[in-house]
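Participant: Sequence:
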Amino acid sequence: MVLTALCQYLSAAFTYTPIELVLILLLAVFIDLIFGEPPAAIHPVVWIGKGIGFLKSRAPKNYRKLYGALMAAAVICFAVLLATVVVLIAHHEYMPYAIGILIQAVFLKATFAIKCMVQPAKEIQQKLDNDIETVRKDLMTYVSRDTSNLSKGQIISAVVESISENYVDAMLTPVFFYVVFGPLGLPAAYLFKAASTLDSMVGYKNEKYIKLGWFSAKFDDVLNFIPARLSPIFIAVGAGFSNFMTGNLEKLKPIDGFKLALKENKVTPSPNSGWPMAAAAGALNIRFEKPDTYVIGSEYREPEAADISRVSILIIITSVITAAVGTLAIGFIGYVVSLVSFM
Numbered sequence: 000m001v002l003t004a005l006c007q008y009l010s011a012a013f014t015y016t017p018i019e020l021v022l023i024l025l026l027a028v029f030i031d032l033i034f035g036e037p038p039a040a041i042h043p044v045v046w047i048g049k050g051i052g053f054l055k056s057r058a059p060k061n062y063r064k065l066y067g068a069l070m071a072a073a074v075i076c077f078a079v080l081l082a083t084v085v086v087l088i089a090h091h092e093y094m095p096y097a098i099g100i101l102i103q104a105v106f107l108k109a110t111f112a113i114k115c116m117v118q119p120a121k122e123i124q125q126k127l128d129n130d131i132e133t134v135r136k137d138l139m140t141y142v143s144r145d146t147s148n149l150s151k152g153q154i155i156s157a158v159v160e161s162i163s164e165n166y167v168d169a170m171l172t173p174v175f176f177y178v179v180f181g182p183l184g185l186p187a188a189y190l191f192k193a194a195s196t197l198d199s200m201v202g203y204k205n206e207k208y209i210k211l212g213w214f215s216a217k218f219d220d221v222l223n224f225i226p227a228r229l230s231p232i233f234i235a236v237g238a239g240f241s242n243f244m245t246g247n248l249e250k251l252k253p254i255d256g257f258k259l260a261l262k263e264n265k266v267t268p269s270p271n272s273g274w275p276m277a278a279a280a281g282a283l284n285i286r287f288e289k290p291d292t293y294v295i296g297s298e299y300r301e302p303e304a305a306d307i308s309r310v311s312i313l314i315i316i317t318s319v320i321t322a323a324v325g326t327l328a329i330g331f332i333g334y335v336v337s338l339v340s341f342m
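Letter 144 of the sequence shown, counting from 1, is numbered 143 in numbering that gives the first Met the number 0, and no numbers are missing.
Worth flagging that the hints you see were computed from the coordinates, not collected in a lab.
Just to be clear, a hint being listed does not mean it is correct.
[Said to hold, decoys possible] Calculated cross-link-like contacts (lysine-lysine; reagent style BS3-like; alpha-carbon spacing at most 27 Å):
id, residue 1, residue 2
1, 262, 49
2, 136, 49
3, 258, 55
4, 262, 252
5, 114, 126
6, 60, 136
7, 151, 60
8, 252, 265
When you get a sec, could you build the whole thing from the sequences and use the hints?
Facilitator: What follows is the structure, given as structure tokens:
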């Protein structure tokens with residue numbers, strides 16, 4: 000009896016109409032664009048990060064690959080359980096409908112970060128002409144490369160690369176999982192976010208983390224595989240819309256971005272990051288360079304400070320388009336499901 004009642008409750012909690020899923024997604028985007036990130040004390044991804052930090056600090060010297068895989072499994076299970084509890088609370092019979100939608104939107108928003116993608120870049124741009132040494136130091140927390148000897152152009156390249164690469168991790172993939180998994184979308188988005196946070200904290204190819212973070216890095220690559228390859232389409236569309244909002248800035252070239260993504264997506268060590276980076280480099284008509292590692296768009300000019308503003312506009316607009324396409328996809332999937340059920 001208890002098990003039957005529990006199954007019925009879970010079934011009811013994870014029953015959504017397409018309108019509800021769309022409302023949650025659009026409200027989450029609105030919250031992000033208006034308010035940005037919640038305080039760290041109540042940020043679910045910060046909780047996940049603290050859990051990773053705790054487990055990482057207790058990693059043994061031996062069997063690090065096995066420990067890393069078990070650590071990743073534990074963190075991902077925690078994240079999925081957290082999202083599941085949120086869904087159950089939001090669908091409790093005594094929870095007002097509107098409050099339930101808001102709670103889920105707030106937690107969905109925590110899986111992506113549109114505003115946060117571009118804010119650090121804006122701060123770096125403001126310091127570029129006056130204090131390049133401080134910029135080099137600040138950049139160390141923003142990108143995974145030695146910044147101590149970077150030229151101004153290489154600093155700008157690192158910033159623009161980071162914004163374009165983060166579009167997949169910080170927006171496209173969580174929305175992709177939310178849309179594709181429908182009623183299970185919130186737990187699915189949290190599954191990805193946990194994997195992404197694991198990768199950012201232990202997925203390094205150095206002596207300290209090569210074994211501990213092996214599973215996390217590979218799993219993150221798998222989860223991002225499809226979204227990364229869809230990203231040039233979204234960035235090309237975003238570049239087209241961005242041209243209406245660039246003001247006096249140089250116009251973007253959507254087709255160039257799409258072509259460069261097809262041509263140079265494999266030049267980066269990561270199997271996924273080359274797709275959005277090449278798409279952005281082509282659209283901006285600028286060269287990306289990580290010293291001694293790769294060059295994307297070698298035929299284009301070196302990036303300038305104004306390109307930080309250009310890529311920020313591009314990624315914000317592309318992120319909004321991503322959410323809009325997500326809402327249309329939810330509606331289409333809902334229509335197909337209802338049609339199949341009717342038949």
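Participant: Hint by hint, say whether it matches the structure.
Facilitator: Here is what the structure says about each hint:
1. For the suggested pair residue 262 and residue 49, the alpha carbons sit about 39 Å apart, so the restraint of at most 27 Å is broken.
2. For a cut-off of 27 Å, the pair hint linking residue 136 to residue 49 stands: about 24 Å separates their Cα positions.
3. Of the pairs offered as hints, the one joining residue 258 and residue 55 is violated, with about 41 Å between alpha carbons and a cut-off of 27 Å exceeded.
4. Distance hint between residue 262 and residue 252 is fulfilled; the C-alpha atoms sit about 16 Å from each other, no more than 27 Å.
5. A distance of roughly 19 Å separates the Cα atoms of residue 114 and residue 126; the hinted pair therefore holds under the 27 Å criterion.
6. Distance check on the hinted pair: residue 60 and residue 136 sit about 31 Å apart at the alpha-carbon level, beyond 27 Å; violated.
7. A hinted pair counts as satisfied when its Cα atoms are at most 27 Å apart, and residue 151 with residue 60 does not qualify at roughly 41 Å.
8. About 21 Å separates the Cα atoms of residue 252 and residue 265, which keeps this hinted pair within 27 Å; it holds.
Checked against the numbered hints above, the structure breaks hints 1, 3, 6 and 7 and satisfies the rest.
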